[in-house]
Every structure is written in structure tokens, then in C-alpha cells.
Amino acid sequence: MKIKPVVLAAALALGASPSFAAEKYVLDPGHSQIVFTYNHLGFSTTTSMFSGFDGEIMLDEAEPANSSVSVSFPVMDMITGWDPRSEHFMSPDFFGAKEGDMVTFKSTGIEVTGDKTGLITGDLTLNGVTKSVVLDAKLNQMGEHPMANKPWAGFDATTTVSRTDYNLGKFAPFIGDEVKINISVEAMKAE
2 MKIKPVVLAA ALALGASPSF AAEKYVLDPG HSQIVFTYNH LGFSTTTSMF SGFDGEIMLD
62 EAEPANSSVS VSFPVMDMIT GWDPRSEHFM SPDFFGAKEG DMVTFKSTGI EVTGDKTGLI
122 TGDLTLNGVT KSVVLDAKLN QMGEHPMANK PWAGFDATTT VSRTDYNLGK FAPFIGDEVK
182 INISVEAMKA E
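Last residue of the sequence shown: number 192 in our numbering, and the count goes up by one each step with no gaps.
Heads up, a few of these hints could be off.
Quick list of simulated restraints, FRET-style, between CB atoms [said to hold, decoys possible]:
#1 N168 with Q142: 36 to 46 angstroms
#2 N141 with S92: 32 to 42 angstroms
#3 T165 with K25: 14 to 24 angstroms
#4 P174 with D78: 19 to 29 angstroms
#5 H41 with G115: 14 to 24 angstroms
#6 G101 with S133: 45 to 55 angstroms
#7 P174 with R86: 14 to 24 angstroms
#8 F44 with G144: 23 to 33 angstroms
#9 S45 with N150: 40 to 50 angstroms
#10 N150 with G170: 43 to 53 angstroms
#11 T159 with G129: 16 to 26 angstroms
#12 E145 with F172: 40 to 50 angstroms
DSS-like mimics (lysine-lysine), calculated; alpha carbons at most 27 angstroms apart, straight line [claimed, not checked]:
#13 K107 with K132
#14 K117 with K107
#15 K99 with K171
#16 K139 with K25
#17 K190 with K117
#18 K117 with K99
#19 K171 with K181
#20 K25 with K117
#21 K132 with K25
#22 K151 with K107
#23 K99 with K132
#24 K132 with K171
#25 K107 with K25
#26 K107 with K181
#27 K171 with K139
#28 K171 with K190
#29 K151 with K190
#30 K107 with K139
#31 K151 with K117
#32 K25 with K99
Just so you know, the hints here were simulated from the structure itself, not pulled from any lab data.
Keep in mind it's a predicted model, so treat the numbers as computed, not measured.
Ideal Cβ positions, reconstructed from N, Cα and C, are used throughout, including at glycine.
Generate the whole structure from the sequences, applying the supplied hints.
The structure is reproduced here in C-alpha cells:
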């Protein structure tokens, strides 16, 4: 089945409840990651990430507004590349994280901006706070996966959030309040 690029961008949106025509795609946890960066005292840009997370896209080709996406992952799965930083992020200074604390995103709407682009609005819940964010999304490719022999799709998206909006503003403004987020995901048609 060949799906139009505009429909693929809409696959990331939740305009309404999925219709009976929607097809389920699940994220490939081995090839999906969220990388975030922030300014550290003006001296460097620090990078961390999440990977290996779950999510699904309900894609309605006939009515893209009925498509949806949802993603969730444990906050404690954050990868900083340095154990003392990871421990500090999970401390009461920032998340005060415990097992089971989740980060979630559920789309609420989409504005198609081109054949392969769209602005996806959704609710990001982080540190017990839910705020609306807009993802600037792009379809990379959709088609038959050459090894899995099933329909596959890949998307990139970017957004920027404020740490203080999520009660994570320790040391702001010295450590940048603005966090830039880059998302790259692959999704496979569910069986």
C-alpha cells in the first residue's frame, strides 16, 4: 500500500479518535531516539538522550485527522553518558525520580505544512506537569523495509521546551532554561 506523504505527517497527529480504517504502526525501539541539549553556563552544549521506548501510531489513510500517536518511557531510562550527571538528574534537585515515573506524549492535532512536513501539537507530560508542545515534523521515508519485508516509516521532529515549565529549573538561568529536542523514530506496521 502506498501512502501519500501528507498522510504520513498526519500519522503523528491525534485529531480525533482513531477510526476503524486506521492501521496500527509501532515504534522500532532499536531505531528511535530522543536527543536533548541545553547550554551549560555558556561553556558548552550538553547532550543526553532517551532510546528504546515504546509508542504507536494509528494511521488512517482516508482521514488523516483521525490518526494518532502516543509515546511513553520511564524517566529513569535517561542516558546522559556520565553516571554522576544521571544521578543528579534523578535527584530531588531535578526529577526526584522513582521507579515507574514516566514521560508521555499524546498528540492532539496537526497542521500539514507540505508534502512531507507538518506541525504536530500534543500534550507532553514530564515531571508530573502536562504542557502543550508543537513538534516540527518531517517524513524521512515510507515503504517496504528491505529486511523485515513489511511497511515501515521514518520521521524526524524538533521542538524546544522550557525546563522551568516542568519544575526542572534548578540553576536557571545560569544553566540554560531552553532545552532543544531532536526526535528520530522508525515505525513498523503492526501484525
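Hints, verified against the model:
Checked against the hint of 36 to 46 angstroms, the C-beta distance between N168 and Q142 comes to roughly 38 angstroms, which is consistent with it. Range check, N141 to S92: Cβ separation about 37 angstroms, and the 32 to 42 angstroms hint holds. The given range of 14 to 24 angstroms is broken by T165 and K25, whose C-beta atoms sit roughly 36 angstroms from each other. One distance hint, 19 to 29 angstroms for the beta-carbon pair P174 and D78, holds here, with the actual separation near 28 angstroms.
Taken as a hint, the range 14 to 24 angstroms is violated for the pair H41 and G115, whose Cβ atoms sit roughly 35 angstroms apart. Taking 45 to 55 angstroms as the suggested C-beta distance range, the pair G101 and S133 does not conform, at roughly 24 angstroms. In this structure the hint that P174 and R86 lie 14 to 24 angstroms apart at CB holds, the actual value being about 19 angstroms. Between F44 and G144 the beta carbons are some 44 angstroms apart, a value that contradicts the proposed interval 23 to 33 angstroms.
The supplied range of 40 to 50 angstroms is met by S45 and N150, whose beta-carbon atoms lie about 44 angstroms from each other. Remark: the range hint 43 to 53 angstroms for N150 to G170 is upheld by a beta-carbon distance near 48 angstroms. Take T159 and G129: their Cβ atoms lie about 24 angstroms apart, and the range 16 to 26 angstroms holds. For E145 and F172, the Cβ-Cβ distance of about 48 angstroms falls inside the hinted range of 40 to 50 angstroms, so the restraint holds.
With a C-alpha separation of about 11 angstroms, the suggested pairing of K107 with K132 holds against the 27 angstroms cut-off. Note on K117 and K107: the hinted pairing holds, with a Cα-Cα distance of about 21 angstroms set against a maximum of 27 angstroms. Between K99 and K171 the alpha-carbon distance is near 19 angstroms, which keeps this suggested pair within the 27 angstroms criterion. Of the pairs offered as hints, the one joining K139 and K25 holds, with about 19 angstroms between alpha carbons and a cut-off of 27 angstroms not exceeded.
Taken as a hint, the K190 and K117 pair is honoured in the structure, with Cα atoms around 19 angstroms apart against an allowance of 27 angstroms. The suggested pairing of K117 with K99 is violated, with an alpha-carbon distance near 39 angstroms, which exceeds 27 angstroms. A distance of roughly 17 angstroms separates the Cα atoms of K171 and K181; the hinted pair therefore holds under the 27 angstroms criterion. In summary, the hint linking K25 to K117 is supported, as the alpha carbons are separated by about 20 angstroms, within the 27 angstroms threshold.
A threshold of 27 angstroms between alpha carbons decides the hint, and for K132 with K25 the separation of about 26 angstroms falls inside it, so the pair holds. For the hint pairing K151 with K107, the CA-to-CA distance comes to about 25 angstroms; that is within 27 angstroms, so the pair holds. Taken as a hint, the K99 and K132 pair is honoured in the structure, with Cα atoms around 21 angstroms apart against an allowance of 27 angstroms. Taking the CA atoms of K132 and K171, the gap is about 19 angstroms. The hint holds against a cut of 27 angstroms.
Proposed proximity of K107 and K25 is supported: the alpha carbons are some 15 angstroms apart, at most 27 angstroms. Among the hinted pairs, K107 with K181 is consistent with the structure: their alpha-carbon atoms are about 19 angstroms apart, no more than 27 angstroms. Our distance criterion of 27 angstroms between C-alpha atoms is broken by K171 and K139, whose separation comes to about 33 angstroms. A threshold of 27 angstroms between alpha carbons decides the hint, and for K171 with K190 the separation of about 41 angstroms lies outside it, so the pair is violated.
For the proposed pair K151 and K190, the alpha carbon gap of about 7 angstroms is at most 27 angstroms, so the pair holds. Proposed proximity of K107 and K139 is supported: the alpha carbons are some 18 angstroms apart, at most 27 angstroms. Simply put, K151 and K117 have alpha-carbon atoms about 21 angstroms apart, close enough for the 27 angstroms limit, and the pair holds. For the hint linking K25 to K99, the alpha-carbon distance of about 31 angstroms lies beyond 27 angstroms, and the restraint is violated.
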